[in-house]
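If you read the sequences in order, they're chains A and B. As numbered in my numbering, residues 1192 to 1530 make up the first sequence, in order. As numbered in my numbering, residues 1192 to 1530 make up the second sequence, in order.
Hints may be right or wrong, so weigh each one.
Because identical chains share one entry, a pair is satisfied inside a single copy or across any pair of copies.
[Claimed, not checked] Pairs of lysine-lysine residues, derived as DSBU-like cross-links and limited to a Cα-Cα distance of at most 35 Å, are as follows:
| id | residue 1 | residue 2 |
| --- | --- | --- |
| 1 | 1235 | 1483 |
| 2 | 1442 | 1428 |
| 3 | 1459 | 1494 |
| 4 | 1459 | 1379 |
| 5 | 1524 | 1467 |
| 6 | 1467 | 1483 |
| 7 | 1463 | 1483 |
| 8 | 1428 | 1312 |
| 9 | 1452 | 1442 |
| 10 | 1246 | 1284 |
| 11 | 1379 | 1496 |
| 12 | 1516 | 1463 |
| 13 | 1442 | 1235 |
| 14 | 1459 | 1428 |
| 15 | 1312 | 1246 |
| 16 | 1365 | 1428 |
| 17 | 1468 | 1452 |
| 18 | 1284 | 1442 |
| 19 | 1494 | 1379 |
| 20 | 1392 | 1496 |
| 21 | 1452 | 1494 |
| 22 | 1312 | 1285 |
| 23 | 1494 | 1443 |
Worth flagging that the hints you see were computed from the coordinates, not collected in a lab.
Letter by letter, the chains look like this.
Number of protein chains: 2
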Amino acid sequence: MVRIAVDAMGGDNAPGEIIKGAVDAASRREDIHVYLVGREDAVKQGLAACPNYPKARITVVPASEVIETEEPPVNAIRRKKDSSIVVGMNLVKKGEADAFVSAGNSGAILVGGQMIVGRIKGVERAPFGALIPTEQGVSLLLDSGANVDARASHLVQFAQMGSIYMEHVIGIEKPRVGIVNVGAEEEKGNALVKETFPLMKACPDINFTGSIEAREIPHGGADVIVCEAFTGNVILKLYEGTGAVLLSMVKKGLMTSLRSKIGALLVKPALKETMKKFDASQYGGAPLLGLKGLVVKTHGSAKAKEVSNSIIQCVTFKEQKINEKIKESLEAKEQAAET
Amino acid sequence: MVRIAVDAMGGDNAPGEIIKGAVDAASRREDIHVYLVGREDAVKQGLAACPNYPKARITVVPASEVIETEEPPVNAIRRKKDSSIVVGMNLVKKGEADAFVSAGNSGAILVGGQMIVGRIKGVERAPFGALIPTEQGVSLLLDSGANVDARASHLVQFAQMGSIYMEHVIGIEKPRVGIVNVGAEEEKGNALVKETFPLMKACPDINFTGSIEAREIPHGGADVIVCEAFTGNVILKLYEGTGAVLLSMVKKGLMTSLRSKIGALLVKPALKETMKKFDASQYGGAPLLGLKGLVVKTHGSAKAKEVSNSIIQCVTFKEQKINEKIKESLEAKEQAAET
């Protein structure tokens, strides 16, 4: 049984969609036990609205406080001891849950992850890994938002952790690791990339394929896309923004004439199918890698489907013993460096 | 008369499309004189293929060498004295041309711009400004590729120069200046952004509107989008890559069933019209701002239309005395700092 604590109060659609997502996940998989963390009355009310939910595998864990989206994270984690994020993370810390899933305040999830759950020994920084859809399938972008101004050694660890995730959770053999750069040649880049490149090349147990230009990311040019979090956040958000704007322009374009409107009716099902492939929510949330337990951040705007996928994603993570593999990989690298 | 030197040998489609573009520009505007710089026989042959070109306003300037796309730029500029880039830039330096347009090696254009044409007094770095299409029109992204690891003071100058460009060349009154950031709040950002933010706020004669998240760029969230060149290059290339992949997926999607194929025929003209709005080439190339003369880089893959637009763009730049305005703006800021 995989035990997953879910923040019932986090995100734009909490608690309704979160609860629906949790119920959906527990209904789809019999090996999941969900702990719904949040204001007891609100959570119970939400559950009451779900007919026939698997009662034996959904437990309500009361937490009276809520960390709001724009609250400064460090203070919030310190002061709101009975918030859904702090209570949920403590379940992971105490070993009562294997994972924590939240659509709430990213900063608080990041700070709480480091302060409450804690990093695996040897991990210097815990990056957010975001799964982004590509023409060929899906890539892992990390760090997509946790550590701006990260250092070269951090980026190398991101590559190691990301490779393990893509191989064992997503199932891509020998995932290709690329470092985000402004050109394909080794001599290109800013100071950070130039320092990181040779370290990546020398790192055992990753399949480093060199620089990746941003243009190649949507084409699926690498499976693990490594960068510091400022660049990663820009990539993630621009990806979403460009997609949204282009699709809205296409839709508007289809409504400009009677001819195109009739055509739109005919192409709608095919277009919908195509766009599904470019929908990140099918892959669930962004794991915060390198912690002693699994912490997953889903979009603030996540609806039931994405919440459910984020919860189910945790099962593979646990089954594949990702954290043990991360530990082994870091130790192997240390040993390689010593010899 | 605006005199524009054009690199006939640079880019994937040189010399054919470059020459066609130059002829088109000179035919469209009677106040343009084009100097086509390149291998004499090749250029003359190309011109011979253009019927009725305005002979009096197109001059061939021989240059026997070509700087290739992947050549290391500093060496290339130093050694290939008779290359089309060096010869063309020397025309600008000597005051025989007002501007130089090239689709060639970006690094060589950047190095040549600084070493041959030279920076305006007071300009610390010359950024590439790329015009990117948005839902609302067009924004200027700078630095889109010249100075990785730029400093805060450089970014402030980019904002000043970009504002002048957008106001006087593109015609946007009081252009909104945004700094690329990972959140909208002032306390967010990496070390560079945190240092730059207050300097931007204190800068006279720019309309600083604060941070812009990458998600807002395609929505047209700012007219002048400021960042250092690593981030800028990632934005520019991801913008192009995401657009290309999404459109190719839409096209493929339209071909999946008989029903959608029939629909595709009906929606095609409307879609084409929509996509034109998202086509950067209509705006011409990326100016290298802050030099004593105008240097414009067009896409390596530019065809005649984009080359022609890049050339015509130079006329407004000259007429609006952009370089004089940049000088004045920098001096005004210096005086403001002194008092």
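Here is what the structure says about each hint:
{"no.": "1", "hint": "1235 / 1483", "verdict": "within (30 Å within a copy, 70 Å between copies)"}
{"no.": "2", "hint": "1442 / 1428", "verdict": "both (21 Å within a copy, 24 Å between copies)"}
{"no.": "3", "hint": "1459 / 1494", "verdict": "both (23 Å within a copy, 33 Å between copies)"}
{"no.": "4", "hint": "1459 / 1379", "verdict": "neither (44 Å within a copy, 41 Å between copies)"}
{"no.": "5", "hint": "1524 / 1467", "verdict": "neither (39 Å within a copy, 51 Å between copies)"}
{"no.": "6", "hint": "1467 / 1483", "verdict": "within (33 Å within a copy, 50 Å between copies)"}
{"no.": "7", "hint": "1463 / 1483", "verdict": "neither (39 Å within a copy, 52 Å between copies)"}
{"no.": "8", "hint": "1428 / 1312", "verdict": "within (31 Å within a copy, 37 Å between copies)"}
{"no.": "9", "hint": "1452 / 1442", "verdict": "both (10 Å within a copy, 17 Å between copies)"}
{"no.": "10", "hint": "1246 / 1284", "verdict": "within (25 Å within a copy, 79 Å between copies)"}
{"no.": "11", "hint": "1379 / 1496", "verdict": "between (41 Å within a copy, 31 Å between copies)"}
{"no.": "12", "hint": "1516 / 1463", "verdict": "neither (38 Å within a copy, 50 Å between copies)"}
{"no.": "13", "hint": "1442 / 1235", "verdict": "neither (40 Å within a copy, 47 Å between copies)"}
{"no.": "14", "hint": "1459 / 1428", "verdict": "both (26 Å within a copy, 29 Å between copies)"}
{"no.": "15", "hint": "1312 / 1246", "verdict": "neither (37 Å within a copy, 74 Å between copies)"}
{"no.": "16", "hint": "1365 / 1428", "verdict": "both (27 Å within a copy, 26 Å between copies)"}
{"no.": "17", "hint": "1468 / 1452", "verdict": "both (24 Å within a copy, 19 Å between copies)"}
{"no.": "18", "hint": "1284 / 1442", "verdict": "neither (47 Å within a copy, 49 Å between copies)"}
{"no.": "19", "hint": "1494 / 1379", "verdict": "between (41 Å within a copy, 27 Å between copies)"}
{"no.": "20", "hint": "1392 / 1496", "verdict": "neither (39 Å within a copy, 42 Å between copies)"}
{"no.": "21", "hint": "1452 / 1494", "verdict": "both (30 Å within a copy, 33 Å between copies)"}
{"no.": "22", "hint": "1312 / 1285", "verdict": "within (17 Å within a copy, 63 Å between copies)"}
{"no.": "23", "hint": "1494 / 1443", "verdict": "both (25 Å within a copy, 28 Å between copies)"}
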